[in-house]
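K.L.:
One letter stands for each residue in the lines below.
Protein chains: 2
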Amino acid sequence: MVILIGGSGYMGSAFAAELHKRQIPHQIVSRCTTDYTNFESLCRLLEKAKPSFLINAAGAVGKPNVDACELARSEAVLGNVVLPQLISNACDISGVPWAQVSSGCIYSGAKILSDGKVRIEKDLTLPHVRQIVDDSPSSVLGYSEDDSPNFSFRESPCSFYSGTKALGEEVISKAKQTYIWRLRIPFDEYDNDRNYLTKLQRYDRVYDNVNSISHRQDFVHACLDLWVSGANFGTYNVTNPGFVTSRQVVEMIQRNFKVRRAFKFWKDDEEFYRLAASAPRSNCVLDTTKLLATGVKMRPVEEAMEESLLRWSSAV
Amino acid sequence: MVILIGGSGYMGSAFAAELHKRQIPHQIVSRCTTDYTNFESLCRLLEKAKPSFLINAAGAVGKPNVDACELARSEAVLGNVVLPQLISNACDISGVPWAQVSSGCIYSGAKILSDGKVRIEKDLTLPHVRQIVDDSPSSVLGYSEDDSPNFSFRESPCSFYSGTKALGEEVISKAKQTYIWRLRIPFDEYDNDRNYLTKLQRYDRVYDNVNSISHRQDFVHACLDLWVSGANFGTYNVTNPGFVTSRQVVEMIQRNFKVRRAFKFWKDDEEFYRLAASAPRSNCVLDTTKLLATGVKMRPVEEAMEESLLRWSSAV
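Line order of the protein sequences matches chains A and B. If you're matching positions, the first sequence starts at 1 in this note's numbering and goes up one per residue. If you're matching positions, the second sequence starts at 1 in this note's numbering and goes up one per residue.
The set of hints was computed from the structure by calculation and includes no laboratory data. Because the structure is a prediction, the values reported are computed rather than measured. It cannot be assumed that every hint is accurate.
Any copy will do: because identical chains look the same in the list, a pair fits if it lies in one copy or spans two.
Quick list of in silico lysine-lysine cross-link-like pairs, BS3-like style, CA-CA up to 30 angstroms [what the hints assert, rightly or not]:
1) K290 to K21
2) K48 to K174
3) K176 to K50
4) K199 to K267
5) K264 to K122
6) K176 to K48
7) K174 to K50
8) K174 to K111
9) K290 to K117
Throw the hints in and build the complete structure from the sequences for me.
P.N.:
Rendered as structure tokens:
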């Protein structure tokens with residue numbers, strides 16, 4: 001039996017659906033029934049339910065976007081640092097293996113291969129970097145799980161949200177029987193405020209950057225496969241292999257939806273941060289070699305994106 | 001047997017000395033011997049040592065002052081939020097009662113009684129407030145343990161340090177068998193970078209404000225008395241009753257040490273924050289009624305201060 005914390009959220013509900021589909025018995029724990037932020041209550045629950053696995057899909061994300069976490073700092077620390085640690089302690093005591101849904105937003109930029117050397121570029125909007133991204137995408141390498149976060153409290157600047165997510169990983173990084181599953185910018189065919197495709201269509205202006213991203217169902221599918229197949233515990237970047245630029249996705253939206261209107265883009269970073277955002281944004285490319293090496297399947301990002309647009313539904 | 005975490009620090013060493021003086025068997029736990037930030041190690045230690053009580057005097061304070069925590073945010077969250085929660089979980093599992101050394105810096109200002117009404121004044125440097133402080137000190141009431149912190153992430157502005165201290169109290173506030181002992185601006189007769197009297201003598205300019213403060217030995221004495229006397233668990237403001245203004249303390253220094261030089265003061269808040277400080281500072285008056293009602297003794301602040309100056313020693 002699997003215990004699912006945060007099962008009513010955007011990612012949690014996708015886990016619930018996939019567990020249901022696979023006929024894996026599971027119990028969705030919500031704050032209404034169990035105060036899982038209370039150590040004693042959580043320990044009692046684990047003792048009683050004796051789950052074979054636990055998934056924590058709860059956390060503070062900031063609504064409508066990460067800027068909200070700059071103000072709601074208590075909630076960010078409590079949801080993204082204190083909660084993972086509490087769950088880790090409870091699972092440790094009870095001997096329950098578990099997984100934390102984390103985020104790739106603790107990195108900025110990518111590794112660029114040129115003249116046989118690899119260099120880190122934290123800002124992928126710089127013209128000379130962007131030219132490499134556009135002209136020679138195979139030279140753009142992602143951060144692997146061995147790379148330390150470079151968009152965190154330990155390596156400023158970062159958003160408060162990213163700072164807490166990096167710290168959340170840090171506090172559970174040495175725990176036994178623990179998966180850390182890193183999501184990045186979820187998307188799929190269902191219209192939703194959290195869906196990247198919804199966001200892109202609603203923005204007055206689009207911030208053109210470069211990112212690895214995660215198809216929502218592909219993500220939960222791959223995560224559960226990791227557990228079911230008995231892959232080694234540890235950290236995994238769970239994004240669709242490859243990366244996209246916002247401009248590429250906008251073009252795909254225009255082509256698929258036969259949208260005639262022109263999308264407007266922010267001229268540059270300076271304009272974007274001056275007018276649209278208060279916290280610095282993470283934009284990054286992640287390496288999925290470790291994930292794919294386990295045998296778990298994950299479609300290339302273009303394929304997942306094309307299919308989402310093809311099946312697009314704003315009805316659900 | 002008492003376990004003392006952070007026993008080599010400024011407050012921890014005072015606890016160690018007092019435990020020694022009282023011949024209470026104790027074990028000082030340092031990171032060198034036990035990684036107390038690791039849940040398993042800490043649980044193992046508690047299981048083996050079976051202490052009757054645990055004191056956590058460790059935490060991130062920011063050196064040379066709280067401004068450092070604005071940058072060292074990971075350390076502040078880890079030391080002031082994550083560590084108390086981890087200790088709380090471990091003590092809960094092991095059934096060990098314990099105490100967290102917290103801080104009164106999660107408040108700003110005082111309660112002012114005038115015309116039979118009590119109002120909150122968060123800024124005690126405002127001229128009309130300061131006049132009441134100077135002319136009618138009995139109208140200045142402190143925050144009690146029932147008052148919610150008003151200098152925290154939940155009530156900005158606050159320093160990052162204060163934000164984490166308030167959150168640290170929050171995460172352990174519902175735990176059983178737990179004391180929260182609030183210290184404020186420690187001082188005593190021994191010259192030390194952390195001693196308020198040392199600081200005041202070293203500043204180029206003094207920031208004149210109003211505060212409840214804690215004599216270091218009086219603090220540990222009162223804290224241990226709370227435990228030894230079996231006082232109810234919960235939160236206690238452990239400051240010397242009353243309050244002082246920086247100007248009053250400077251005058252006491254001048255009188256006692258026959259210092260002839262004039263101390264310079266910052267003209268106002270604006271000048272202080274523009275030139276000397278990056279993070280907002282907590283300045284506040286605390287109510288000690290709850291502490292004194294337990295029968296625990298604490299000298300009035302003036303008496304503790306006079307004696308510290310009388311016995312002043314820069315030799316230790």
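K.L.:
None of the hints should be skipped; say for each whether it holds.
P.N.:
Hints and how they fare:
no., hint, verdict
1, K290 to K21, "within (26 angstroms within a copy, 57 angstroms between copies)"
2, K48 to K174, "both (26 angstroms within a copy, 22 angstroms between copies)"
3, K176 to K50, "both (17 angstroms within a copy, 25 angstroms between copies)"
4, K199 to K267, "within (18 angstroms within a copy, 50 angstroms between copies)"
5, K264 to K122, "within (24 angstroms within a copy, 46 angstroms between copies)"
6, K176 to K48, "both (21 angstroms within a copy, 21 angstroms between copies)"
7, K174 to K50, "both (23 angstroms within a copy, 25 angstroms between copies)"
8, K174 to K111, "within (26 angstroms within a copy, 46 angstroms between copies)"
9, K290 to K117, "within (22 angstroms within a copy, 66 angstroms between copies)"
Comparing the model with each numbered hint stated earlier shows that all of them hold.
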